[in-house]
Amino acid sequence: MLRREAPSVVAVEPLGAYSLLRVERATLECGDPGQFFMLTPPGRTLPRAFSLCLAPPGELAFLVDPVGLGTRALVELQPGDRLPVLGPLGRGFRLDVPRPLLVGGGIGIAPLVYAAERLGRAPAILGFRTPEHAKAASLLQGAEVVIEPTYVTERLSPGRDVLACGPEPMLHAVACLAPSAQLAWEAPMACGYGACFGCAVEIRGRLRRLCVEGPVLTAADVVPAELEAA
Amino acid sequence: MPPLLNASGCLDALAAPDVARSLDAFVTKTVTPLPRDGNAPVRIAEIDCGMLNTIGLANPGLDDFVCDTLPRLLELGVPVWVSVGGFRAGDYAESCARLDDEGVEAIELNVSCPNVESPVEATEEIVAAARAATAKPLFTKLSPQLPDVAAVALAAARAGTDGLSLVNTLRGLALDPRTLAPVLSTATGGVSGPVLRPVALAAVHACYAATGLPIVGMGGVETGRHALDLIAAGASACALGTILFRDPDAPARVRAELARTAFRLGLEDPLAARGLAHREAEMPLPSETKIPAKVD
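Quick note, the sequences are listed as chains P and F, same order.
In this text, residue positions in the first sequence follow our numbering: the first is 1, and each later residue adds one.
In this text, residue positions in the second sequence follow our numbering: the first is 1001, and each later residue adds one.
No lab work stands behind these hints, which were simulated from the structure alone.
Fair warning: this is a prediction, and the values are worked out from it, not measured in the lab.
From the three backbone atoms N, C-alpha and C, an ideal C-beta is built for every residue, glycine too.
A few of these clues could be false.
What the hints assert, rightly or not - Computed footprint of chain P on chain F, listed as stretches where at least three residues anywhere in the stretch have a Cβ under 8 Å from a Cβ of chain P:
| id | region |
| --- | --- |
| 1 | 1003 to 1012 |
| 2 | 1016 to 1026 |
| 3 | 1036 to 1045 |
| 4 | 1049 to 1063 |
| 5 | 1237 to 1250 |
Said to hold, decoys possible - Pulled a few chain P residues facing chain F out of the computed Cβ check, cut under 8 Å:
| id | residue |
| --- | --- |
| 6 | ARG4 |
| 7 | ARG22 |
| 8 | THR45 |
| 9 | PRO169 |
| 10 | ALA173 |
| 11 | CYS191 |
| 12 | TYR193 |
| 13 | GLY194 |
| 14 | CYS196 |
| 15 | ALA200 |
| 16 | ILE203 |
All chains, please: the whole structure from these sequences, using the hints.
Okay, structure coming up:
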């Protein structure tokens, strides 16, 4: 059953290059880490997909990188403004893994913050483009932080159950290094609930809807077998 | 009340059954005889006042649809319209013949997808082929890009269509502001959303005047007011498209708004507004009439 509400904005807090958008939880569920919500920025035709970053009591918080018309409209929201929120949607991370390692890149650290909260304590490696972007690592206490030209994949330790989210090249690299990894993928998405077929990505060799099959996929879903073997 | 449907390709009833049940009929994504993966990503882009899509008729193919998808759709308890597409008249005839024995309420002939190659034959020939293959009600979905949509609607009427679905998307292009390259994998895609609204209204207006056929009006409907406009232009039913992407609760809301908006104009049933945009200039709406009209 889809749940859509228009809760009030609590605050928009700058966090380095990003902003943390906090809204009232209303009757919405938090869902599993890696699941996502569709937020409709004022004045835009389409909603935008965001995984939950934090679940403070009575609130939902999303990490926003203001790079386009929609995300800029979101960070300009004022406390008390109403924001349409649909979710939680999709399939999140499986948390029943013995040796979790959280691997995040840039804005992709968002679902890992909530995953860390739900897992209790888990080691994390977070990579960023610049020190300004890396300020968001403060959301995940104790995380190892690398900044380009160092990449998170240089720090992956073997024998870990990787939960990763980040840019596509990072996810492909992680998939090749950690075949059992769970990867939170991203694609342009108009609806988030299987209606538009816009978010198709190649999964197990065919174009499938990421919002239905994912956004969390396994490395085997996305890496062709021959590449993995190589 | 005029029936409220979804525009084909804007809802998956199996993924969101509650949304489908909030409609008077569910229209499937277009089915072609053979399975199609659809176009490569990127498939969607937001534009000012709307969006572009280039899904490219992704569907499981007729066999799989009839054997697997359709039985599950029919269990939902909402009337099902099947949208069929193809690349030649025979494709439409094949699909219509196969659906003729199934429990579907109507068949929509999608002859106007802007994201795949157009069918070889003219609309009239496709409708005639489909008509010969099924007794089901046929609604022909036309492009608003036709130089004379009313003429094609008339031709479809002559060939046996029972109604029209107006309109499909318009072809459009969006460029990435950083690279100035097309956003979509196929460069162009179908424009939908609010930007399509006046285009849809014009097509409905013209085709109602030309044919008088039942019309499912669609194109940028977001509120009851928008739906009422389409009905006044000549639609007998309305479909919701892009609005469903951001608001799956839209059907109930639009229905309530439509009733209220019509009532404020003195219309007990919004359907009483059908064709009012075509009336003589001196004919007032009920709400404009100070003294109730005398009935002899």
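message: Three residues or more, CB to CB closer than 8 Å: is that satisfied between the region 1036 to 1045 of chain F and chain P?
response: holds (count 8)
Would you say the region 1003 to 1012 of chain F counts as covered by chain P, given the rule of at least 3 residues with C-beta under 8 Å?
holds (count 4)
Fill in: Status of the P:TYR193 interface restraint (C-beta, 8 Å, chain F)
holds, 5 Å
Discussion item. Interface hint check: P:PRO169, Cβ to nearest Cβ on chain F, cutoff 8 Å. Holds or violated?
Written reply: Violated: closest Cβ of chain F sits about 16 Å from P:PRO169, beyond 8 Å.
Review point. Counting residues of the region 1016 to 1026 of chain F with a beta carbon closer than 8 Å to any beta carbon of chain P, are there 3 or more?
Key: Holds: 3 residues of the region 1016 to 1026 of chain F have a Cβ under 8 Å from chain P.
| message | The hint names P:ALA200 as touching chain F; please verify it with the least Cβ-Cβ distance against 8 Å. | response | Status holds, d = 6 Å.
- request: Have a go at the P:GLY194 hint: is there a Cβ in chain F nearer than 8 Å to its own Cβ?
  value: Holds: closest Cβ of chain F sits about 3 Å from P:GLY194, inside 8 Å.
Subject >> Proposed interface contact between P:CYS191 and chain F, which counts if any beta carbon pair is under 8 Å >> reply: P:CYS191 check passes; min Cβ-Cβ to chain F is 4 Å, inside 8 Å.
Verify the coverage statement for the region 1049 to 1063 of chain F against chain P, using a C-beta to C-beta distance below 8 Å and requiring 3 or more qualifying residues.
As far as the region 1049 to 1063 of chain F goes, the hint holds, because 6 residues have Cβ atoms under 8 Å from chain P.
Checklist line | Three-residue Cβ test at 8 Å for the coverage of the region 1237 to 1250 of chain F by chain P | finding: Since 7 is at least three, the answer is holds.
Inset, instruction - Would you check whether P:THR45 satisfies its interface hint, that is, whether its CB is within less than 8 Å of any CB in chain F? - result: Holds. Min distance 5 Å.
Worksheet item: Per the CB criterion, is P:ARG4 less than 8 Å away from chain F?
Response: holds, 6 Å
Figure legend: structure checked against the earlier numbered hints; hints not met, in rising order: 7, 9, 10 and 16.
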